[in-house]
Every structure is written in C-alpha cells, then in structure tokens.
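Protein chains in written order, with our numbering: chain A, 13 to 294; chain B, 13 to 294.
By construction, these hints were calculated from the structure, which means they are not laboratory data.
It does not matter which identical chain is meant; a pair holds if it fits inside one copy or across any two.
Here are the simulated DMTMM-like pairs of lysine to aspartate or glutamate, each with C-alpha atoms no more than 25 Å apart in a straight line:
| # | residue 1 | residue 2 |
| --- | --- | --- |
| 1 | Lys199 | Glu281 |
| 2 | Lys261 | Asp100 |
| 3 | Lys197 | Asp284 |
| 4 | Lys294 | Asp217 |
| 5 | Lys197 | Glu281 |
| 6 | Lys182 | Glu281 |
| 7 | Lys294 | Glu281 |
| 8 | Lys155 | Glu210 |
| 9 | Lys261 | Asp284 |
| 10 | Lys20 | Glu287 |
| 11 | Lys54 | Glu92 |
| 12 | Lys199 | Glu225 |
| 13 | Lys261 | Glu186 |
| 14 | Lys20 | Asp217 |
| 15 | Lys199 | Asp223 |
There are 2 protein chains.
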Amino acid sequence: MSFLDRIKKCNNVDDLSKFIPFVVEGARVGWIHHEFCHVLKKFDHIFEFFEKKICLSPQLLTYQERTMAIDRVVKFLAEEGWIAQRSDELYPVSTGYYATPFFEMDRSAISRFGVSAHGIHINGFVSLRNEIFMWIGRRADDKSTYPGQLDNMVAGGQPVGLSLLDNILKECAEEAAIPPDLARKAKAVGSITYQYEENNCLKPDTMFVFDLELPSDFNPINTDGEVAEFKLLPVSEVMSITANTTAFKFNCAAVNIDFFIRHGLLLPENQDYIEIQRGLHK
Amino acid sequence: MSFLDRIKKCNNVDDLSKFIPFVVEGARVGWIHHEFCHVLKKFDHIFEFFEKKICLSPQLLTYQERTMAIDRVVKFLAEEGWIAQRSDELYPVSTGYYATPFFEMDRSAISRFGVSAHGIHINGFVSLRNEIFMWIGRRADDKSTYPGQLDNMVAGGQPVGLSLLDNILKECAEEAAIPPDLARKAKAVGSITYQYEENNCLKPDTMFVFDLELPSDFNPINTDGEVAEFKLLPVSEVMSITANTTAFKFNCAAVNIDFFIRHGLLLPENQDYIEIQRGLHK
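Start from the sequences and build out the full structure, keeping to the hints where you can.
As structure tokens, this is what we get:
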C-alpha cells in the first residue's frame, strides 16, 4: 500500500467504453453503463435510445419539465433498488460546474447517470508545538455510503442553488458545530478531480478543497448524526493511516495526500510524487 | 488574456503525431520531430532509424559510451545551428525522474530530442501587513533563452548528480545570494507538469515547486549575471501581470498561478478554476 495506491483507487476506471454518453440538447452531461440502459427503456417518452448515446427527449423543453420527468425515473429506480432512497439534495445536471444546468436530479441517482458532481472538503487542522494535528471524522455506522470510514473534518456535496461559501457555512454547522465566523476562515487551496467507478456507476467528481486552521481549544461536535466521532491526530499518524490502510473513504484519502504535498510533508523524494500530483487532477 | 490562457500556452502541443519516439533499450526516453530526423541520418552508427521510432544503437552498451556518442552529435548540432551552444549542464536521459538514466546529454539538446527535463522553481515571498509580496526577477537581456522576461525568484534545471536540496542551495546562491540556512527553509509544495512545443522541439517538463518565505529585510542580489533585477511586488500586481500580459516566461506564469491557488488568492469563483488545476498537471 502507498499514497499512489490510494490515488489510483480514485481513478479506477480502466475502460470508459463500458459507458455511453447521456446527452441533453446535443451536449454530453453524463455516462450510463451499457447494462443499465435496458432499465431505462421503460421510459421511452423521457429518453431516446441510440446505439452510441442516450438522449433526454427533446420534447422536454424546460428546466422544470426535465426535472419533473427525471424525478419520476428516480422514484422508480429507488423503488426497484437500482439506487438508494431519494435524498433531500438536488444536484445540477450540466456540462460542467460553471455551465448553466439543464435540469436538476436527486443526488441518489447522480452516479447512475454518470453526471459530474462537486463537493467541498475542508481540512481542519491545528498547529501545536511546530507540528500539525488534523481533525479526522469517522462516518456514522448507519450512513448509507461508506459507513464507519474515516473522513475529512467537514465534507459535503454541492447542491443546486447554494454558493460554495453558503455550503461551507451549512456543512461546518451540521457536521462539526463550527460557528460561521470561524467557518469563513476556510481558505480555498485547490480542487481535486477524479473518475471513480463502483457497481457500474460512474463518479466524475471534483472536490473543492479548503484548509481551515482552528484554535487549539476548539473541539468539533457533530450535530446531524452523520459523524460518529472526531479525533485530533498528529499529521504523521494521518499520513501513516492514509498510506497503509483503507480506513479513509477513498476520496478523502486523496484530499489528505493533497494536504501533505501542499504543506511540505510528502516530499519529491517520494518516487511517486509526480504521478500522485497528476492523479489528483485527472 | 486570462490565467487559463497562460496555462494553455504551456500545453501548446496540439498534435504529438508530429514527433516519433526516441527509444533506448526498448524504452521511450524522448520525442523527435519528423522533420529533424534527416539531420540525424548522418549518425547512422549512433542511431537506428525505423518508420515509427528512432533507437539509440544497441552497439552502445554503457552509460559512458552512450554519453560520449551523443556528445559528438550535440557538438555537430551546435556547430550547424540546430541547437544553442553547449551549456555546462548535463541532464539525465531516462524514462522518468525516478528511473535510472541510460546516459546524459547536454542541456542545449534536451528539447531537440524531446527528453523530459526537471527543474526547481522557488516562489520567494514576504508577508507584510497581512498582504503577500512576491520577489520577481527579470531575466538578463543577454540570456540565451527568454531574455528580459519575468521569472520566479529562483529557478533552475535539475542536472545529473545533484540532489534537489543541493540544487536549491546552488541556485539560491547564484541567482539571489540567499545564504544556505535561509535557502534550506524552501518548502516543497508540489510539482507542475506540462508539454510545450517550440520550433519543432518538445519540452515535456516537470517543475518541482517550493515556497520560501523571506524576512522583510532580505534583498535578493544576483551573483551570476542571469538576473537583470529583482522587484518586490504586491501579489495583486503579480496576479494582474500574470493574467493580462506575457511578461512572465511561459512556465513561470504557471508557477505563479499555482501559488495563487494554494494561497487562496485565485478562487473557485473563477470559472476556469478546475481547468486551470488540471492544466497544471498534464
């Protein structure tokens, strides 16, 4: 096991030809697995099927119409067990983060349609005696995704209609009881992009990464039940756990590794240094 | 003009098929432009020519033999004006930074053979009144490459037989008269990889990036004649020059942009943010 192994895990798509483009108004907005196409055939008034792509019906003209039509599909997919139960979060469906979305889709279905998702990940750290300590969360055991795995201090998906700052304030409050004045000090330090495949679903994700240096007397407290516990660990221990175990949720490991590089803790002497950096921005 | 334009300038190779692989012991170590191949035909005891690759002759068995043979070619190329005059720096020729080199080649010929080169770039900065100021160098007007262009405080190629730290100490002394104890504080913060084409030469380069925070009373002074002058500029001005002009040497602009991102100065609100990050690690 190594840091590079963790990065490779995030980019585990060996063959994108297993997926076909999901297209709206001539633009690709996602990737759908060949084997999953037949499940959508039932909705031939919502999708148009071609050999090499699936298009959203051009009959669906407006944001509202498309959103409502897709929501019926999502409801069906949840009932049939193809996706998890509907969440309360809606994600934009577009050609990219800065493009105008065509419609919105429940978070639970995003990876089934291979739609690009975005999130915020905040490294919470404390500087003590010239050493860095990181606040690490452990995900609740009843969380639907990656239960019990280690996580960055605060992380969350980027839903429709919320600015990055508003999302930071919201997630900081929910996940770690960080007051707004402190949360606002989260510093944007980059983005990480990867393409992850799981159970014939595709996650072409981008994480906006933030560093938040916390006072030594601050203790994060979870308020929404999504985090089982927080621990303040010396960064050397976080490095060891990241490199040598799979305890961290796969994409949180990448956020850690990016932190180690930016803070001069993982050095060019590591023979995977260049490949790791490229793997963080696929 | 924009930050993204500067990143795209570093990755200006639209079509790698203009080049054919340069191969040693079955491994590709470089890329040679089709039109340049005929120049090497004179050396048919040193190279073997195939339709889709040029190989170093398998008769050349040792590091020493290969280095000497290639040096004869380099001498000829310099005399004929295909490359600049020989430098005093030898670069390793290998499949990657961490691989054992097959031989060494004068720096002046590296991009003619499309061999991967590595360098160190050090951002020198001062924190004054909660604002960052950067030390920016202007390259001497008689420098053979990119004369008069703006540069990072310290930068240099990574030659054979020198560790990164030794190179930092050497370049810091030569370019900016930074004493060893201060130079050692340069913090590794990442790498930037790009592929740049110029005059049928290919530069698949990697820059190891370092941040060096300097005391406010420190003034860099050039000692080797390669820097015309240093200026301490507010980072906002460096950002403006980087985005809106081509005053910076192309790859130094990328190092600046990486600095702006890591220091929370260039933000995700910039609609090129994700594409810029990916462009820094091609």
